[in-house]
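Undergrad: Chains A and B are the protein sequences, given in the same order. Residues in the first sequence are numbered consecutively from 1, following our numbering. Residues in the second sequence are numbered consecutively from 741, following our numbering.
What the hints contain is simulated information worked out from the structure, not anything from laboratory work. A hint or two may mislead.
Now the stretches of chain A that chain B is said to cover, found in silico as 3 or more residues with beta-carbon under 8 angstroms [claimed, not checked]:
| # | segment |
| --- | --- |
| 1 | 175-187 |
| 2 | 248-258 |
Below, in silico cross-link-like pairs of lysine to aspartate or glutamate (DMTMM-like), each with a Cα-Cα straight-line distance of 20 angstroms or less [to be verified]:
| # | chain 1 | residue 1 | chain 2 | residue 2 |
| --- | --- | --- | --- | --- |
| 3 | A | LYS193 | B | ASP1780 |
| 4 | B | LYS1251 | B | ASP1599 |
| 5 | B | LYS1384 | A | ASP202 |
| 6 | B | LYS1620 | B | ASP1208 |
| 7 | A | LYS671 | A | ASP613 |
| 8 | B | LYS1885 | B | ASP1737 |
| 9 | B | LYS1853 | B | ASP1784 |
| 10 | B | LYS1476 | A | GLU681 |
| 11 | B | LYS1875 | B | ASP1784 |
| 12 | B | LYS1567 | B | ASP1354 |
| 13 | A | LYS385 | A | GLU141 |
| 14 | B | LYS1316 | B | GLU1450 |
| 15 | B | LYS1316 | B | ASP1294 |
| 16 | A | LYS198 | B | GLU1438 |
| 17 | A | LYS394 | A | ASP613 |
| 18 | B | LYS1319 | B | GLU1429 |
| 19 | A | LYS193 | B | ASP1400 |
| 20 | B | LYS1879 | B | ASP1784 |
| 21 | B | LYS1478 | B | GLU1436 |
| 22 | B | LYS1567 | B | GLU1363 |
| 23 | B | LYS1291 | B | ASP1599 |
| 24 | B | LYS1384 | A | GLU248 |
| 25 | A | LYS328 | A | ASP194 |
| 26 | A | LYS198 | B | GLU1472 |
| 27 | A | LYS193 | B | GLU1450 |
| 28 | A | LYS198 | B | ASP1400 |
| 29 | B | LYS1875 | B | GLU1795 |
| 30 | B | LYS1879 | B | GLU1847 |
| 31 | A | LYS198 | B | GLU1436 |
| 32 | B | LYS1384 | A | ASP244 |
| 33 | A | LYS328 | A | ASP613 |
| 34 | A | LYS671 | A | GLU681 |
Some chain A residues well away from chain B (every beta-carbon gap over 10 angstroms; in silico) [what the hints assert, rightly or not]:
| # | residue |
| --- | --- |
| 35 | PRO112 |
| 36 | GLU140 |
| 37 | ARG190 |
| 38 | GLN199 |
| 39 | TRP315 |
| 40 | HIS316 |
Model, not experiment: these values are computed from the prediction. Cβ atoms here follow ideal geometry from the backbone N, Cα and C, with glycine treated the same way.
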Amino acid sequence: MATYLEFIQQNEERDGVRFSWNVWPSSRLEATRMVVPLACLLTPLKERLDLPPVQYEPVLCSRPTCKAVLNPLCQVDYRAKLWACNFCFQRNQFPPAYAGISEVNQPAELMPQFSTIEYIVQRGPQTPMIFLYVVDTCLEEEDLQALKESLQMSLSLLPADALVGLITFGRMVQVHELSCEGISKSYVFRGTKDLTAKQIQDMLGLSRPAVPLQPGRPLQTPEQPVISSRFLQPVHKIDMNLTDLLGELQRDPWPVTQGKRPLRSTGVALSIAVGLLEGTFPNTGARIMLFTGGPPTQGPGMVVGDELKTPIRSWHDIEKDNARFMRKATKHYETLANRTAANGHCIDIYACALDQTGLLEMKCCANLTGGHMVMGDSFNTSLFKQTFQRVFNKGFNGEFRMAFGASLDVKTSRELKIAGAIGPCTSLNAKGPCVSENELGVGGTSQWKICSLDPSTTLAIYFEVVNQHNAPIPQGGRGAVQFVTQYQHSNTQKRIRVTTIARNWADAQSQLQHIEAAFDQEAAAVLMARLGVYRAESEEGPDVLRWLDRQLIRLCQKFGQYNKDDPNSFRLSESFSLYPQFMFHLRRSPFLQVFNNSPDESSYYRHHFARQDLTQSLIMIQPILYAYSFHGPPEPVLLDSSSILPDRILLMDTFFQIVIYLGETIAQWQKAGYQDMPEYENFKHLLQAPLDDAQEILQTRFPMPRYIHTEHGGSQARFLLSKVNPSQTHNNLYAWGQVS
Amino acid sequence: MSVNQQAHTGPPYGQPQPGYQGYQQPAYGGQPLPGVPQSQYGAYNGPMPGYQQPVPPQGYFPSLGFPSKGSPVSLNSDTSSLAPNFIGSLRAPPTSGAPPPATGASLPSGHLAYSQFGHGDVQNGIPASAAPMQRPPASQPFLPGSAPTPVSQTSTFQQYGPPPASVQQLSNHMAGMTIGSTTASAPPPAGLGYGPPTSVPPVSGSFSATGSGLYTPYTASQGPPPTSVSQGLPLAQPPFLGQPISTQRLPTQVPGFAPPPSSTGIGPSSYSPATGAPRPPTMPGPPLSGQTVAGPPTSQPNHISSPPPPSTMSGPHPGPPMSGLHGPPPPTHPPQPGYQMQQNGSFGQVRGPQPNYGGAYPGTPNYGSQPGPPPPPKRLDPDSIPSPQLNELPPQQKPRHRIDPDAIPSPIQVIEDDRSNRGSEPFVTGVRGQVPPLVTTNFLVKDQGNASPRYIRCTSYNIPCTSDMAKQSQVPLAAVIKPLATLPPEETLPYLVDHGESGPVRCNRCKAYMCPFMQFIEGGRRFQCCFCSCVTEVPPHYFQHLDHTGKRVDFYDRPELSLGSYEFLATVDYCKNNKFPSPPAFIFMIDVSYNAVKSGLVRLICEELKSLLDYLPREGNMEESAIRVGFVTYNKVLHFYNVKSSLAQPQMMVVSDVADMFVPLLDGFLVNVNESRTVIASLLDQIPEMFADTRETETVFAPVIQAGLEALKAAECAGKLFIFHTSLPIAEAPGKLKNRDDKKLINTDKEKTLFQPQTSFYNNLAKDCVAQGCCVDLFLFPNQYLDVATLGVVTYQTGGSIYKYAYFQLETDQDRFLNDLRRDVQKEVGFDAVMRVRTSTGIRATDFFGAFYMSNTTDVEMAGLDCDKTITVEFKHDDKLSEDSGALLQCALLYTSCAGQRRLRIHNLSLNCCTQLADLYRNCETDTLINYLAKYAYRGVLGSPVKTVRDALINQCAQILACYRKNCASPSSAGQLILPECMKLLPVYLNCVLKSDVLQPGPEVTTDDRAYIRQLVTSMDVAETNVFFYPRLLPLTKADVDSDSLPAAIRNSEERLSKGDIYLLENGLNIFVWVGVNVQQGLIQNLFGVSSFSQISNALSTLPVLENPFSKKVRSIVDMLQVQRSRYMKLIIVKQEDKLEMLFKHFLVEDKSLSGGASYVDFLCHMHKEIRQLLS
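When you get a sec, could you build the whole thing from the sequences and use the hints?
TA: Printed below as a string of structure tokens:
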């Protein structure tokens, strides 16, 4: 099915969309029998080198409930200057500016190659990007120093007009005013008290004073920038100031007695950051960047008490309902996340500590707002430093790879309804005719807010075919879906990207082969995985696994060819061949298995899984294993214990970790120093090859993976051993065969 | 009035005193002068009556009432009569009215006696005033026969005559007084009889009668009395006045009277005798004078009584009440009048008081000297006022005429006398129950086992043995304690005793500290507690052998065995949490709201702090102060500053969460001044700049204190907050206040709410502050009401000070504020203090007044206690005391010094105990009493309507005086006002208290002022209350530019001001410079640098610095006064007939005040009426 593969690839490159099914079953009943739902992975801001944005407003369908954007699929009557909406069939007049169109003079949005098009629109004031650093000062001296340096460095990476702000916290929370000369000024809040946004704004003096009419005083001149920018200043104005300020940051001075954790007011600090931006720059692109070196230990959002003898909650505690603070803390952060999302801001969490830091509770902050979540052991590691630096990476066109305050509007033709979305988004609660009653992921809406996204941010969007079996769609009928993404570009422009796709309908009864052939098993695996992971957030692990298993079985039932009671007769077509393997590894993945992972780690993994594009997601589901040997060029090998051979170097990429594993013999050779001998230069090359490849991955991946270089028998080899299919083990090759 | 007649009495006293001295206190004897004062006293009594009379007229209802009764008159008579009586009573089992009759027989002798007494007592009878009045009681006993009788007779006479006459007498007295004072001429007449009276006579023949001489007058009075009586009293007084004068002179002049004069002279002699068994003898000696005195008094009494009966002599009966008295008096003893003057009361008591008496009496000397003016008639005849005419007459007229202000007890005179009598020799504290010199006297103290009066003063140094007696007398037993008082450089500070790890030696049971009164027994192995009698083992390390007298051999080596005041170094057991304290901290908290910034205050404070921080209190020889400092500014939010020495620039931390205050930083908030000098300087430069453009007008307050408290908690130390605040805290925060000022509440039952805090929030806050040792000093700069009553709660309960600068203006108030601030920052202060007063069995400290917090009934807790703070402690009996062992007080103050050293300061004081009320009255200190009464009343307004408080105050004083009259003064006409010598100023001072802004606000007094003063007074020591209630008025133009001395003070009455002079008046808060309209241009030029009166600007807040002797002198006087007071006084230039003069007149406390306060004369009459009512 090379054609379908090409088709899929083309579509992905052009539109950033991959559907699980590329030919759609034409009735509801059949669609449900397909097991894998009709769904797609959408990368709204997929980088397109060949997509110059157009500088005008999109033309919308005039039906108030539709408002679809004019697209290549629309019927156009050039003479009458009319176009018919392909979603609602409303006939619309072209606006006056389109008076000159004709078959030979088409606007870009009507050209088929512009199924994805980007508009630059002039709306509202352009506000610069905002970065609000929220910095934990309860760190070890070394960590704090490293963090301070990273932060200072980051100032140089910001656009000059970006606004920056600084909040530090420990036992107290300090909001630093950046515009003062001669004295550094900060507002201090108690770390134990939750404050409403109103209170915070009042306390920061952000609420507009009820102009006290004092005779003899100059009338208040409108100074809105002055007020709002006391805490958020353009980088170019205060970078020196802020650099000094960061330089002078001290560890939290409050004494921490033996056997206690430092008091860390993360919950309040975040709350204040959110409140600050909420009051000053609502609906403007802004990042709250939280740097924390430990769990919140006091106030709202506390995750663990300050007694060291009480360890932070584990999965075990959670299962036993023994995590005292979890529910309350989660609620606190959820509230914050929802508020942040409502304001169009995002929260990044950079948590660096050897122990857990409460990501489980805080995850929603990043998940709901599209923020980053980074977990490391220390701020003084390249993992953090590089990752943080990469946040400010620029794309091919010299623009920051970040966008803010996006809203995604999905429109479907009548046979389809929208069941939901899974990804770093929140619902905008836009009910409409195309919203399904059945929810998958975040449903009940046709619009979502994505507060922050980058070119790789990918959402899973699930549909439901609602066409009834008894109302067959005419042959050649196509279903269409339009994705309208409005966002604030990193250069402060407001942009709208419109992607319109169409797929053929097919009758599952008569044209099952077509449908089968048009199955995108990779996309399907990721889509199913997202569903599974989404469920895992709220359901018991085993239930999710059972559900996944059942789905797989049903799929195999539907599309497999086999003779009853004869396992060996089972066959799956090529388009399904990899799917079971994905499911197998998914079952073992940290996204669904919490064993051996802390709640924080699980949250971290799931966070990334829910936002990466298809390729990365697949890597996460089924890590890639490359083998390097003298027997040939590097080759991908099965993620199986049988692939571990003494004379091989293995490179495993799990997305989160890059493991280089030297086989037993290779390791011995290396110890013997052969690579340093001129006559064994080839061995040196062999050793170097995986390093170079790993480096390449390390350079581009965000967040930067943990880099592990190990060898046969090394303790770190566990990272590899835990991933491979244990078809062979050290004590029994066959006892474990139950997993096929 | 008559009281004033110090002259008369004086002499006698002086002499008598010696005798008395023998009796009572050697000291007395030592103080010849006292005699003089006594005379004054006598005068007082006299005046009193007179007062009443006048009172009525003035509108003092009492007086009016009196008139009808004729009592006023009687007052005068009373005094006079009383005097005699007193004498009699005291000495002779006073009452022995019998004697009187006898006396009657021998008038002269009686007189003498009286005179003596009078001296002692300082009784009323102006006439008698001389000496006679004096506790004739004594005299009686002494001369039962002659003297007493006369007295009695006189008294009776007086009554008779007096009643009618009394009125007259009073008036006479009054007149006399005035006249006398005004015209020297009076004297002569007076001598005879009330020459003055004659003058008065018009009013009433009685006067002339009475006045006439005592004798003549008597007769006259008697005759006239009836008629005169009606009008009389006032008239009578004049005569009295005259009498006083006359009396004084009389003695010399009139044969009969002669005695009086002689009495004065004689008095002394008589006294001396008196002293010993002497009394009798002395009495006799003086008799003449006494008699004379007595005579008058009697007459007065009569008068009083008579008044009632105004109808007629017979009326004396009027005195039904009086009558009793009258009865006896009838025997006119005109002469007595003179006696009267010499207030009996005082006499009787004289012993103790003698000194004072002396002072008072000096009158006598005065007489000599002051022939004219002084003639302080001691008596007032309220009765005389009552005269019908009086009634008819506009009150003003009458009173004015009736009583000579010079005849009533003069504070100035008393002060001067005490100063000259007792100022020269050191006060040695070795003897139990000694009455120290007045607070207005400069004297040195030698500690020989009792605490210096600078630390402790008592209302009485002789405590009644039983609670019955105490109740009867109504004299409050209180001690005014100033534990950390500053001593003059000549006196040594309390020694610091270090007993090492075991700590101070204490009684096992009551925990009293080792002191000079502990009795070592069993060869020194144990000691018996002088407070609870428990026997405690002497710890081995403390053992010492006893010498043959039972004293420890190391007696003189150990301060705690030989001194009244000393300090112990406390051990860790005495520290909070059993940890030695850290050095305290000062936190400066500056309001930076719009008002504060605009007025330049913020800049001023910051500038000042830069230099002031180098003068933080340091201990002993330490090179730098151990005190750390911190800074906070605030408006609606608080700004903390990190001024850690390692910082390049200060860091400001804003805390907006005022609802839940906390301290945002730990390290760097409280710093050592030297280490962080540059950062602090930079901060103080920045603060005014940062807020230069502020528009924030709202402020918070409670959170500011909380912040300071939290900071100290975090730093685990005690300390002091200096809060500079400008406005009512209306911003949303805990402790937010609303403007509830409502002047309409004045004189209603709700008035008390103006003094109460709006919310209990601050009380709780104060409690927390005290627990932490966080003392709050408050500097207020209000432009409008800011509710001092509430804002001051924490300050008050933590032992802090409030300073208030209404309508602060940089130009005019800067100096005052900065001086206050400097002093406040620099002054010695103890932190985290707990004071307990232990007493010997029999009495117990039951009530405490001052700026502190009490969590139980015995421990006075103060977060901070500075050298100006005073605690007044009241004692009550819970058992009997014994005369032998006396009563002991031990005040132990545990505190943290400014260097963080925990110490115990111990003050011990031993008092006498008495079974005779007379002893009590003789050993009282009016200044201290007023201090107590003022504090008591000022606290009372929190819970009761002001009127109730005023009435209670008057009632208590009336009871005190009535008790004296009843039990200690020689029997005499009820119409006579007899004042104990020691308390002869009680009425005038009490009147000042009653007229004070708190108890009787004028229209211009704000609610805040009242609350402010209320709190201020509560911490005042005796010297401060003294000058606060009775301001010092100095005629600047009389100052000797070549000497260092102050010009002689004059009495606070407008009459005393001359248009051609410049005066200075100070009351501890303000200094007024009053310029008369007719002042010579040269003086104006010299003092103000302008050419005419009209060019003087009353906006001046300082006197211009001019190079001429007068200017220098005046400025040096002002500077000298400023140094004496704990607060820098505001200088106000008042031009006569200018608007501001109203303000000034408010402080002329002897005059009627605009707000309805009575004049001295009126009040005296009123008191007399009260007393008479009690007696009847």
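Undergrad: Each hint: holds or not?
TA: Taking the hints in turn, this is what the structure says about them:
no., hint, verdict
1, 175-187, "holds (count 8)"
2, 248-258, "holds (count 4)"
3, LYS193/A x ASP1780/B, "violated, 70 angstroms"
4, LYS1251/B x ASP1599/B, "holds, 13 angstroms"
5, LYS1384/B x ASP202/A, "violated, 29 angstroms"
6, LYS1620/B x ASP1208/B, "holds, 10 angstroms"
7, LYS671/A x ASP613/A, "violated, 40 angstroms"
8, LYS1885/B x ASP1737/B, "holds, 13 angstroms"
9, LYS1853/B x ASP1784/B, "holds, 8 angstroms"
10, LYS1476/B x GLU681/A, "violated, 83 angstroms"
11, LYS1875/B x ASP1784/B, "violated, 26 angstroms"
12, LYS1567/B x ASP1354/B, "holds, 13 angstroms"
13, LYS385/A x GLU141/A, "holds, 16 angstroms"
14, LYS1316/B x GLU1450/B, "holds, 17 angstroms"
15, LYS1316/B x ASP1294/B, "violated, 33 angstroms"
16, LYS198/A x GLU1438/B, "holds, 19 angstroms"
17, LYS394/A x ASP613/A, "holds, 19 angstroms"
18, LYS1319/B x GLU1429/B, "violated, 42 angstroms"
19, LYS193/A x ASP1400/B, "holds, 9 angstroms"
20, LYS1879/B x ASP1784/B, "violated, 33 angstroms"
21, LYS1478/B x GLU1436/B, "holds, 18 angstroms"
22, LYS1567/B x GLU1363/B, "holds, 17 angstroms"
23, LYS1291/B x ASP1599/B, "violated, 32 angstroms"
24, LYS1384/B x GLU248/A, "holds, 12 angstroms"
25, LYS328/A x ASP194/A, "holds, 13 angstroms"
26, LYS198/A x GLU1472/B, "holds, 14 angstroms"
27, LYS193/A x GLU1450/B, "holds, 17 angstroms"
28, LYS198/A x ASP1400/B, "holds, 16 angstroms"
29, LYS1875/B x GLU1795/B, "holds, 16 angstroms"
30, LYS1879/B x GLU1847/B, "violated, 30 angstroms"
31, LYS198/A x GLU1436/B, "holds, 19 angstroms"
32, LYS1384/B x ASP244/A, "holds, 16 angstroms"
33, LYS328/A x ASP613/A, "violated, 33 angstroms"
34, LYS671/A x GLU681/A, "holds, 15 angstroms"
35, PRO112, "holds, 59 angstroms"
36, GLU140, "holds, 18 angstroms"
37, ARG190, "violated, 5 angstroms"
38, GLN199, "violated, 8 angstroms"
39, TRP315, "holds, 36 angstroms"
40, HIS316, "holds, 37 angstroms"
Hint check: violations occur at hints 3, 5, 7, 10, 11, 15, 18, 20, 23, 30, 33, 37, 38; the rest are consistent with the structure.
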